[in-house]
Amino acid sequence: MTDGRVTISVDGVQRDVPAGELLIKAAQDQGTYIPRFCWHERMKPVGMCRMCLVQIETPRGLALITACTTPVADGMVVDTEGDQVKKAQEAVLEFLLANHPLDCPVCDKGGECPLQDQALAYGPGESRFVEIKRTFEKPIPISDLVLLDRERCILCARCTRFCDEISGDPLIEFMERANLTEINTFPDLPFSSYYSGNTVQICPVGALTAKPYRFRARPWDLVRVESSSLFDTAHPRIEVHASQNQILRLTGVDNDATNQGWLSDKARFGFEYLDSHDRVTAPMARRDGELVEVGWREALEIVANRLDLIKQEDGGQALAVIGGAQGTNEDAYTLAKFARVALETNNIDCRLDDTMASHFLAATVDRATIADLDTAGTILVWGPDLKEEHPTLYLRVRRAAQELGVRLVVIHPRATGLDDRATLKLAYRPGGGFELLDEIAEGAHPELLHALSVDRVVALVGVASMADGPALAESVAALVRQKSPSCRILPLNSRANTFGALDMGVAPDLLPGRVALAPAGVGALGEGWGPIPPRPGRDTRSILEGLESGEVRGLLLVGADPVRDMPDPGLAMEALEAAEYLISIDTFIHDSNRDADVILPAAAFAEKEGTVTNVEGRVQRVNQIRPAAGQARPDRAILEDIATLMGAGLGLGSAEAASKEIAEVAPAYQGVTWDQLDWEHRDGLVIPLTGAQPLQHIPVALKGKKAPRAALTLHVSRVMYDDGVRLRHSPSLRRLAPGPVAHISPSDAPKLGARDGARVRLVTQRGEGEFRAVIDPGTPGGVVYVPRNQPNAAILGTDPVVRVTVVK
Amino acid sequence: MSNWSEGTQERARHVLSLYPEKRSAVMPLLYLAMVEDGHLTEQGMAEVAVWCGITPAQVQAVASFYTMYKREPTGRYLISCCTSISCMLLGADQVLHALEDQSGVPHGETDHGGLLSVEHVECLGACGGAVAVQVNYELIEGVTPDRARSLVDWLKTAEPEVVNGDEMQELFGTRRSFDWAIREESGAVGPYPAFQSLGTVGSEEK
Amino acid sequence: MTEHPADSHTMLRYRATGGYDQARRALGMTRDQLVEEVKASGLLGRGGAAFSAGLKWSFLGPARPTYLVINADESEPGTFKDRQLLERDPHQLVEGLIITAIANEVHRAFIYIRGEYPKPARRVQAALDEAYAAGFLGSGIFGSDYDLEVVIHLGAGAYICGEETALINSLEGFRGEPRLKPPYFPAAIGLYMLPTIVNNVETVSNLPHILALGSDGFAALSSSADTGTFMTSLSGHVKRPGNYELPHGITWRELIFEVGGGMRRDRKLKAWIPGGASAPWFVPEHHLDLEMSKDATAAAGSMLGSGAVIVMDEDTCMVRAAERIVRFFSHESCGQCTPCREGTTWLEMILRRIEQGQGRAVDLDLMIDVSDGISIGLEWPPKMTTICPLGPSAVSPIIALRDYFRSEIDLHLANGGCPFPGGLAAIEEEE
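Chains as they are written, first to last, in this note's numbering: chain A, 1174 to 1981; chain B, 12 to 217; chain C, 1328 to 1758.
In short, the hints are calculated from the structure, not lab data.
Errors might be hidden in some of the hints.
Said to hold, decoys possible - Calculated from the model, a selection of chain B residues having no Cβ within reach of chain C, i.e. all distances over 10 Å:
(1) Gly18
(2) Arg24
(3) Glu32
(4) Pro84
(5) Ser161
(6) Ser208
Said to hold, decoys possible - Derived DEER-like restraints, expressed as beta-carbon distance ranges:
(7) B:Asp164 to A:Val1979: 51 to 61 Å
(8) C:Asp1543 to B:Pro31: 37 to 47 Å
(9) C:Glu1612 to B:Pro84: 51 to 61 Å
Said to hold, decoys possible - Calculated lysine to aspartate or glutamate pairs in the EDC-like style (CA-CA distance at most 20 Å, straight line):
(10) A:Lys1311 to A:Glu1263
(11) B:Lys33 to A:Asp1337
(12) A:Lys1384 to A:Asp1394
(13) A:Lys1259 to A:Glu1214
(14) A:Lys1306 to C:Asp1690
(15) B:Lys81 to A:Glu1349
(16) A:Lys1260 to C:Asp1696
(17) B:Lys33 to A:Asp1593
(18) B:Lys33 to A:Glu1620
(19) C:Lys1508 to A:Glu1194
(20) C:Lys1508 to A:Glu1230
(21) A:Lys1981 to A:Asp1921
(22) A:Lys1259 to C:Asp1696
(23) A:Lys1260 to C:Asp1616
(24) C:Lys1710 to A:Glu1254
(25) A:Lys1260 to C:Asp1699
(26) A:Lys1656 to A:Glu1612
(27) B:Lys33 to C:Glu1476
(28) C:Lys1566 to B:Asp190
(29) A:Lys1260 to C:Glu1706
(30) A:Lys1259 to C:Glu1706
(31) A:Lys1259 to C:Asp1699
(32) C:Lys1710 to A:Glu1263
(33) C:Lys1710 to A:Glu1230
(34) A:Lys1598 to A:Glu1620
(35) A:Lys1259 to A:Asp1247
(36) B:Lys81 to A:Glu1355
(37) B:Lys33 to A:Asp1592
(38) C:Lys1710 to A:Asp1252
(39) C:Lys1710 to A:Asp1921
(40) A:Lys1260 to C:Asp1690
None of these values were measured; they are calculated from a predicted model.
Quick reminder that beta carbons are idealized off the backbone N, C-alpha and C, glycines included.
Could you put the whole structure together from the sequences, leaning on the hints where they help?
Below, the structure written as structure tokens:
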């Protein structure tokens, strides 16, 4: 027995295992697989299925114990193969199969079913059960995404434990008792969890099935590749499954550093857009006012010539790029280089006027990692509702607070998904964030200051409400740093690969590798890139203003839809209309590129390979599993061709070549190779590796506006399902968007005369429209909460003053 | 917010005050929900969920585990016949049959008028006074098939406001497990247990 | 314990017979003194497991606050002793509760009474109300600075809640599912994950007597190794069924033929269940002259369990009796563990099939093998494949069929159904 290790005997072989580890896990890591159904490594053991019974020697003789509930002890003698163990395992299997329908040929799980596999390995081979089997109505839909077959269910409680322990929405439960026990929901209260798909993945039989995958394939026909999801800023690790070049499902992979196996339903089911018939599959150019398909060569020449012409006439400052956050780092690097080298401009931004300063996002000193949450003294979340916008972080923070005993403080204008686990929750009027911050700084809320006075404070900061704007987050970070100098800060931003794009220099004031765009930084890149414009360019808002004023003449949109995604869509609409020349590289036609002069079809997720960087700065691989739709090509390749035609070749050639150049010229990314990420660092690498982060940003307190004095203030924030381009083209998820709804507190509703479901009219400075009222105890009095970017919803802008009237 | 009567809400608040944690009140509150609606409705379970701060699914998981939370409309008189081993040995099956036959209600069901429900149950703890029958959980010991028939007739005709065990024992019972001591005037007012803190104890002051 | 006048459930009468004197005395004793006294008395838990009550108390963890829970969820078929103690002598229970609370430094107690016992619950509530009014409960009991609050929690129809960890789950507002062991005793981790003493009604009702008689005096009530008296609930085919408070050490013959008055209608004794529905059965050929004690019963492969004795005469169909007991466990299974949930139901279905005339020659062997899957090796005490002993309990009747009544199964097969009068006609399939 050495420190923290003990010696046990498994089937006569001495094994050195970690002290206190569950026997089932210790044995598995040593190569002895003890069969099981209910045990899951990421959840607490329940010892219910009894499949993992093994025999141990005790002072009172041999005893059968469940390996999933028994921690190893030094000197433990375990028999996993003896006659009594075999008898117990065979009996459990026979019992489980007694009432099982054995409809394996038409079961989605067939071929990857633990019950099937273990029946083969440990089962008796024939059934002696001649009685009538238990029957249930089947399958029953328990949500829009999940169906339940209670006949197949073996009552292992994996799904119910997941909801209770992991995701915090116990909407499915064991119902009834004894032999009639079943899993079910409350009548008319569906299993509408954002994480429901995980229960399908961990179901050890075909009891829970997912609508998007049902009857689509047999597992042995699937081609699989590992990748990272861009529907979640933590970039959860996934496996992409395809058959005949069609993506059929995504499953969660257990990356200890990030998702630990779990996925939000958006990350899991948000793949259907890839095979949408609405994909742009060929280059299109405007002829006689109509967009028509043209050949690649023609399209690229049109674009190159026109961009070149503007550059010749007015210089690079008349050109601009918005976007680049949806692709890979290699795409983003190519885009950053393209802007500087081919367009000769720093007018480039991957942000859409809805997030914090690029230096704060990319280069905060002491940026927290996700793993820091587990060991934090206090976690402060002052930003978006993590459950809506940052699903992986939500699960990790919940786990820290619920299972690991970490103190949690949540500050948000209304109820959030973490409130039930918060030791302290502060709500404030939207737009009043800076005032609250001042109060806190002056000593109000001593319990909060106390929570910040401990070691290992981790602060997650982001945009809590559009009314407060993005600047608040940096001020929050500054205050936390002041109160807790050793704190770690995680600035949040919810768009796909924004952190990768910023690291690659897709910002007006950044160069690849977290280098500030200043003469010194330019010098370091000089050799590879040649001369580049020395002064920072325009950000997205300024680019759009430039388009309106005519100072910017040509705009390249790369996977960006500012009309839908900007807080002030009016500005985007007017600016794009005013644009002299608009080019879009994208997978779909949408509100922002509908009037483009040229649309170039982009390869999408799973159609290209590369790397991405998540919210904590973790670089991971994404992989290709099929050819791009139609004639679509990776952004990177399109940009290279345009640059070449403009006479300013980028000299990259392939994604891997781009990655090599990144590793050479981008300081923070030095030495990162695909090889490393494919083999010894499959869970990714947190950048910077060596502390070689050239740009060091220390958060500062910024001044903000005061809360408006109005009867009702408007709180607009993102929710899981909205009218974003990819969700709009994913049929299974599209219908889950709440639509145009306005949440009103139970105290305000009677004053307004609004009942639940009533039609109400909301009027703000920037817009007005009709919404369906939801009377919501989670919304405080004086606040009207409207989920952002919903289908058929009017645009209300960012000003928090709102008037609400009931539509008669 | 609550759909319950003020009296029931008052009781619910009292029940909640008895426990260190809200969730512990789920079982007594489920009884209150039955008292409020006559049986345990979905609305009743949803209401209990709000009081206890848990989801309606969690409430139903509890409610459906126990046999006494009746989630189907139940008759004014719930007749429960023990058919466990000791009562079986002394003719419980015949007593149950007599109850079903005389009432026209098969076990597990309720008559059309909503007056009688008949069920067979596991051991009622009256094995020394087999066969044991309860009406609204008030006990009668030493019931025979003939007496079971008389009990059904009596319930149909007398329709007592309060179901009193001592009275029924005198009318329809025989041997008891032990001496019950002095007669009590209290009894049940519906198909749920008569207990002080539930406010379900009826008194037959005449 | 069971010498009660007609009004013994009232405070007036209980005080008149020396009631609450011992509780008052206990306030003057230390925890160690009380625990030692109870240990020395040899009092065994009377809920079925027969574990030393004093030892159980001594497991209490260091954490505070601790809770006391009285288990009055008596539901084992054949058992009705606690009902009598609750109904007839609630103050005796309350006094025992106060003593237990003081011994374990507990200030908050719950009495978990099964839902089908509203009358016992009313009587105990009335006793609590009287005790509160008299200042024996509440803040500063008996004029001391000791506070004690007691709440009755009514069950709602689930035998398994008599298992102490299931009871705790039920009291916390969860399904009454037994918890994983270890921890084996709620004294370590119990109600709300805090140290909790769970004691049965009869166990606690003994305490005033232990203090009154002293541990030696209490032990002397019995001539056998098991101390004190014990309560037996006698039911089935005897002339005088009922609850009997007996000294340990009498034989089964004495119980059935003297205490119980012999067999009803003077039929022949065929078998009896010595300790509640879970216990392996005894037959006159082998067991009639055994002593009714924990050790002698265990040596013969059974247990005194909850103290329920169910007597069956020669006209009893053993298949039907077995079916009724297996049905009970199948119906009362919490449904967590596969072998219990599926196995007990399977056994019930086979037994019913045999009873109804669809038995097959292989069915007994099949039942034995299914039982072996629930209780590996079919040993006694059972080697469990389950979290709690409920599932293995259903195996006892099957063993009885195998060991003593194989011929009755053959008779059912030959007869095309039950050859005994009064078959299962009245009971149809479960819905």
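Evaluated hints:
For glycine 18 (chain B), the non-interface assignment is confirmed: its Cβ lies about 19 Å from the closest Cβ of chain C, beyond the 10 Å cut-off. Every CB of chain C lies more than 10 Å from the CB of arginine 24 (chain B), the least distance being 15 Å, so the non-interface label holds. Interface exclusion of glutamate 32 (chain B) from chain C breaks down, the closest Cβ pair being 6 Å apart, not more than 10 Å. Taking the minimum C-beta to C-beta distance to chain C, about 16 Å, the non-interface status of proline 84 (chain B) holds against the 10 Å cut.
Look at serine 161 (chain B): its CB is around 18 Å from the nearest CB on chain C, clear of 10 Å, so calling it non-interface holds up. Not every C-beta of chain C lies more than 10 Å from that of serine 208 (chain B), the closest at about 7 Å, which undercuts listing it as non-interface. Our hint of 51 to 61 Å for aspartate 164 (chain B) and valine 1979 (chain A) holds, since their Cβ atoms are close to 59 Å apart. In this structure the supplied range 37 to 47 Å holds for aspartate 1543 (chain C) paired with proline 31 (chain B), their Cβ-Cβ distance being about 39 Å.
The supplied range of 51 to 61 Å is met by glutamate 1612 (chain C) and proline 84 (chain B), whose beta-carbon atoms lie about 52 Å from each other. The hinted pair formed by lysine 1311 (chain A) and glutamate 1263 (chain A) fails the criterion: a straight-line CA distance of about 28 Å is larger than 20 Å. Restraint check for lysine 33 (chain B) and aspartate 1337 (chain A): the C-alpha separation of about 17 Å stays at or below 20 Å, so the hint holds. At most 20 Å may separate the alpha-carbon atoms for a hinted pair to count; lysine 1384 (chain A) and aspartate 1394 (chain A) meet this at roughly 19 Å.
At roughly 23 Å between alpha-carbon atoms, lysine 1259 (chain A) and glutamate 1214 (chain A) are farther apart than 20 Å, so this suggested pair is violated. With a CA separation close to 18 Å, the supplied pair lysine 1306 (chain A) and aspartate 1690 (chain C) stays within the 20 Å bound. For the hint pairing lysine 81 (chain B) with glutamate 1349 (chain A), the CA-to-CA distance comes to about 12 Å; that is within 20 Å, so the pair holds. Taking the CA atoms of lysine 1260 (chain A) and aspartate 1696 (chain C), the gap is about 10 Å. The hint holds against a cut of 20 Å.
Pair hint lysine 33 (chain B) plus aspartate 1593 (chain A) holds up; C-alpha atoms about 14 Å apart against a cutoff of 20 Å. For the proposed pair lysine 33 (chain B) and glutamate 1620 (chain A), the alpha carbon gap of about 25 Å is over 20 Å, so the pair is violated. For the hint linking lysine 1508 (chain C) to glutamate 1194 (chain A), the alpha-carbon distance of about 16 Å falls within 20 Å, and the restraint holds. Restraint check for lysine 1508 (chain C) and glutamate 1230 (chain A): the C-alpha separation of about 17 Å stays at or below 20 Å, so the hint holds.
Straight-line distance between C-alpha atoms of lysine 1981 (chain A) and aspartate 1921 (chain A) comes to about 18 Å, which keeps the hinted pair within the 20 Å bound. Of the pairs offered as hints, the one joining lysine 1259 (chain A) and aspartate 1696 (chain C) holds, with about 13 Å between alpha carbons and a cut-off of 20 Å not exceeded. At most 20 Å may separate the alpha-carbon atoms for a hinted pair to count; lysine 1260 (chain A) and aspartate 1616 (chain C) exceed this at roughly 37 Å. At most 20 Å may separate the alpha-carbon atoms for a hinted pair to count; lysine 1710 (chain C) and glutamate 1254 (chain A) meet this at roughly 17 Å.
Of the supplied pair hints, the one linking lysine 1260 (chain A) and aspartate 1699 (chain C) holds, its CA atoms being roughly 8 Å apart against a limit of 20 Å. As the CA atoms of lysine 1656 (chain A) and glutamate 1612 (chain A) are separated by approximately 14 Å, the hinted pair is consistent with the 20 Å bound. At roughly 17 Å between alpha-carbon atoms, lysine 33 (chain B) and glutamate 1476 (chain C) fall within 20 Å of each other, so this suggested pair holds. Taking the CA atoms of lysine 1566 (chain C) and aspartate 190 (chain B), the gap is near 17 Å; set against the 20 Å cutoff, the hint holds.
At most 20 Å may separate the alpha-carbon atoms for a hinted pair to count; lysine 1260 (chain A) and glutamate 1706 (chain C) meet this at roughly 14 Å. A hinted pair counts as satisfied when its Cα atoms are at most 20 Å apart, and lysine 1259 (chain A) with glutamate 1706 (chain C) qualifies at roughly 17 Å. Straight-line distance between C-alpha atoms of lysine 1259 (chain A) and aspartate 1699 (chain C) comes to about 12 Å, which keeps the hinted pair within the 20 Å bound. Note on lysine 1710 (chain C) and glutamate 1263 (chain A): the hinted pairing holds, with a Cα-Cα distance of about 16 Å set against a maximum of 20 Å.
Distance hint between lysine 1710 (chain C) and glutamate 1230 (chain A) is fulfilled; the C-alpha atoms sit about 13 Å from each other, no more than 20 Å. This hinted pair checks out: lysine 1598 (chain A) and glutamate 1620 (chain A) have alpha carbons roughly 10 Å apart, not beyond 20 Å. Of the supplied pair hints, the one linking lysine 1259 (chain A) and aspartate 1247 (chain A) is violated, its CA atoms being roughly 25 Å apart against a limit of 20 Å. The hinted pair formed by lysine 81 (chain B) and glutamate 1355 (chain A) meets the criterion: a straight-line CA distance of about 18 Å does not exceed 20 Å.
For the hint pairing lysine 33 (chain B) with aspartate 1592 (chain A), the CA-to-CA distance comes to about 17 Å; that is within 20 Å, so the pair holds. For the proposed pair lysine 1710 (chain C) and aspartate 1252 (chain A), the alpha carbon gap of about 16 Å is at most 20 Å, so the pair holds. Proposed proximity of lysine 1710 (chain C) and aspartate 1921 (chain A) is contradicted: the alpha carbons are some 63 Å apart, above 20 Å. Our distance criterion of 20 Å between C-alpha atoms is met by lysine 1260 (chain A) and aspartate 1690 (chain C), whose separation comes to about 19 Å.
The structure is inconsistent with the numbered hints 3, 6, 10, 13, 18, 23, 35 and 39, although it conforms to all the rest.
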